[in-house]
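There are 2 protein chains.
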Amino acid sequence: MEIARERDINFLFEASCGGGIPIIRALNSSLTADEIDEITGILNGTTNYMLYKMSTEGCEFDTVLKEAQAKGYAEADPTADVEGYDACRKIAILSSLAYGYFLNYENVYTEGITRITPEDMAYARELGMTIKLLATSRKVGEDSFYAMVAPFLLSQKSPLYSVNDVFNAVFVHGNVLGDAMFYGSGAGKLPTASAVVADVVDEAKHLHRNIMTNWSSHPLKLMDMSEVEGRFFVRVKGTTVDCVKSAFGEVQIVNLKELPDEFAFITSTMRQGEYEERIRALADNILTMIRVKD
Amino acid sequence: MEIARERDINFLFEASCGGGIPIIRALNSSLTADEIDEITGILNGTTNYMLYKMSTEGCEFDTVLKEAQAKGYAEADPTADVEGYDACRKIAILSSLAYGYFLNYENVYTEGITRITPEDMAYARELGMTIKLLATSRKVGEDSFYAMVAPFLLSQKSPLYSVNDVFNAVFVHGNVLGDAMFYGSGAGKLPTASAVVADVVDEAKHLHRNIMTNWSSHPLKLMDMSEVEGRFFVRVKGTTVDCVKSAFGEVQIVNLKELPDEFAFITSTMRQGEYEERIRALADNILTMIRVKD
Chain V
867 MEIARERDIN FLFEASCGGG IPIIRALNSS LTADEIDEIT GILNGTTNYM LYKMSTEGCE
927 FDTVLKEAQA KGYAEADPTA DVEGYDACRK IAILSSLAYG YFLNYENVYT EGITRITPED
987 MAYARELGMT IKLLATSRKV GEDSFYAMVA PFLLSQKSPL YSVNDVFNAV FVHGNVLGDA
1047 MFYGSGAGKL PTASAVVADV VDEAKHLHRN IMTNWSSHPL KLMDMSEVEG RFFVRVKGTT
1107 VDCVKSAFGE VQIVNLKELP DEFAFITSTM RQGEYEERIR ALADNILTMI RVKD
Chain U
867 MEIARERDIN FLFEASCGGG IPIIRALNSS LTADEIDEIT GILNGTTNYM LYKMSTEGCE
927 FDTVLKEAQA KGYAEADPTA DVEGYDACRK IAILSSLAYG YFLNYENVYT EGITRITPED
987 MAYARELGMT IKLLATSRKV GEDSFYAMVA PFLLSQKSPL YSVNDVFNAV FVHGNVLGDA
1047 MFYGSGAGKL PTASAVVADV VDEAKHLHRN IMTNWSSHPL KLMDMSEVEG RFFVRVKGTT
1107 VDCVKSAFGE VQIVNLKELP DEFAFITSTM RQGEYEERIR ALADNILTMI RVKD
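Chains as they are written, first to last, in our numbering: chain V, 867 to 1160; chain U, 867 to 1160.
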C-alpha cells in the first residue's frame, strides 16, 4: 500500500472481503463523511452455510461439514473456515480501512464454530434467535477498539439475522450514516470476478493517481478482551437457578423441554473479565458459552 | 448530465435514492463488470414504516398515516409517498444508471399503498409473507424491460423481507455478481448528509474529470404492462373454489378463520394480460389483488 502511494499507482483488493460485495470501495469512497464505529460481518460463506444447515435441519457439525465438503463449499482441510481464521483476516482488512489504523489479524481474538451443537441451535430457536459466526470490530471511547471473531446469538432485529446459506454481509455503523448493510455472494468464481474486474476498471480510470487513501500503517490499539462488554449465554448442568443467580444476579433463564437435565441463562451486560470471574462458581457445571450480539 | 460530461465536470446525486445508502456510486463504479438485469428497492421509508406498523400492529391505513405524520415521517400532504410517486422517481434514476438507457419516471406503472388493509396483512402472515411497496425494474430478454411500483407480497426468502421500519434497501441482480443488496437509512438529515459529503469528496478528488459515465439519454424500451409475467394474490367473496379453478386452473387457496365470508388464491405465473382476461369471470367477487414477488 505504501509503495503504491509513493509511486502514484493503485493496489486494489475488493474481492478480498465479502467476494462480490462492493464493501471496500464503499468504505474508501462512499463513507468518507463518516466516522465508522462498528463493522460486523458474516465474512465466511462456508461456516454460514454450515450454521444455517444446523439451524434449519438440526444436524451435527460433523455431518454438515461432510455435506459442505461434498458440495465443494469447504476445503478438504476446513481449518481456516471452521476455526474462524478466514473471517479473522477479513475483519482485519475491513477494520484497517474503516478506522484508519492498521489492525494485524494476529491480534484479533478468534474462535471458530466447531463447538456449536444442534442443542445450542435449539436454544437459539427457543429465544427467537439464531447463531452466526460474526467477525466484528468496534470503536469504544476515544481511541480504543476491540476486534473478535466468534459465534454469536443474534436476534431477529439485526439485519444480519436473515443472511443465510453461503451469503455474506457486512454491517457498518457510521456516526452520520447510522446503520448500513451490504449483502451478496461471498465466494464463487463469478462474484469474485465481478469484484476483480471492477478493480481493473477503477485502476484504468485512475492511472497515476492513488485512490486508496485511508490506509495507515499506524497500529490500531486493541483493548484487552477482558475489558470488552457483552451479554453471555451459558448452558449449565447439575446446578440450580438459585446458584446461577447468586453468581450472576438477575439473569434470563431458558428451559428446553427436550433437554430436561440442563438449562441455560443469559447474563446482563458485563465486562468479559467480570463474566470469567463470576462463572468460576459454576466451573463444574458449564456446558457451553456463546456471546450474545446486542 | 450531458453538460457535465461535455465540460469535464461532475453532477452527482448519491442522496437522491436510498438516502445514505451508497447505491449510486456502487452502480457507477463497483458493478462495472456486470450486466444488471434486476433492481428492486424499498425506496420510500414512509410507506415502509406504515406497512411495517400495519403488519406488526394490525392497524388501519388511516390510523398509521396519522401516526406517521405525527412522527414527522409523512408530510401533511402524503400523496407523493403513499401513491408511490416518490419511489417511482427513484426507480427511474436507478434503472437509468443500471441499464444505460434513460427511463422516464412518467412511463413507470405506479400503484400506491392506500388500498392495503389489515386483512391483506393477515393473509400475508398466514402465508409466512409480508407486504412491501416495491419499486422494481427488470430486463426480460435481449432489449426489453419493465418497470413498476406496486405493493407486493414478499416471502421470507427475499433479503428485502426483513427491511423494516423506515429503512430502505436496494436489491440488485447482476449476471456476474448474482444477488446483492444494499441496506440503510433512506431518509433523515444525517444519512442524507453522509451521501452529500461523499459526493463533495468525490468531486474534489475528480476535478475536471467526468466520472458518471454510464448515463445515456437514449430512452429505455418498456414492455407493455400486459406482457409482464407474475403471480397474483386475489381475495374474493361470494364465489367458490370451483369457480376460481374454472377461471384460473390450479391455484393455491388461502383461508383465514377470522374472515369466513371470503377466501383468497394465488395464481400460477402468467402474463398480466392473461390475468386480466381470466379475472373477468370473477369481476363481481373480487375484493383486492396484490402481486406476488418471485
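Since the hints were made in silico from the structure, they are not lab data.
Please note that the accuracy of each hint is not assured.
Identical copies look the same in the list; a pair holds intra-copy or inter-copy alike.
[Stated by the list, open to error] Heads up, simulated EDC-like pairs for lysine to aspartate or glutamate below, C-alpha to C-alpha not over 16 Å straight-line:
#1 Lys1071 x Glu868
#2 Lys1055 x Asp1045
#3 Lys1071 x Asp874
#4 Lys1087 x Asp1065
#5 Lys1087 x Glu977
#6 Lys919 x Glu1095
#7 Lys1005 x Glu1095
#8 Lys1103 x Glu1124
#9 Lys937 x Asp1127
#10 Lys919 x Glu1093
#11 Lys1087 x Glu904
#12 Lys1005 x Glu901
Cross-check of the supplied hints:
{"no.": "1", "hint": "Lys1071 x Glu868", "verdict": "neither (20 Å within a copy, 19 Å between copies)"}
{"no.": "2", "hint": "Lys1055 x Asp1045", "verdict": "between (30 Å within a copy, 14 Å between copies)"}
{"no.": "3", "hint": "Lys1071 x Asp874", "verdict": "both (13 Å within a copy, 14 Å between copies)"}
{"no.": "4", "hint": "Lys1087 x Asp1065", "verdict": "neither (30 Å within a copy, 31 Å between copies)"}
{"no.": "5", "hint": "Lys1087 x Glu977", "verdict": "neither (20 Å within a copy, 53 Å between copies)"}
{"no.": "6", "hint": "Lys919 x Glu1095", "verdict": "neither (30 Å within a copy, 33 Å between copies)"}
{"no.": "7", "hint": "Lys1005 x Glu1095", "verdict": "within (12 Å within a copy, 48 Å between copies)"}
{"no.": "8", "hint": "Lys1103 x Glu1124", "verdict": "within (14 Å within a copy, 44 Å between copies)"}
{"no.": "9", "hint": "Lys937 x Asp1127", "verdict": "neither (37 Å within a copy, 49 Å between copies)"}
{"no.": "10", "hint": "Lys919 x Glu1093", "verdict": "neither (34 Å within a copy, 39 Å between copies)"}
{"no.": "11", "hint": "Lys1087 x Glu904", "verdict": "within (15 Å within a copy, 43 Å between copies)"}
{"no.": "12", "hint": "Lys1005 x Glu901", "verdict": "within (10 Å within a copy, 38 Å between copies)"}
The earlier numbered hints that this structure contradicts are 1, 4, 5, 6, 9, 10.
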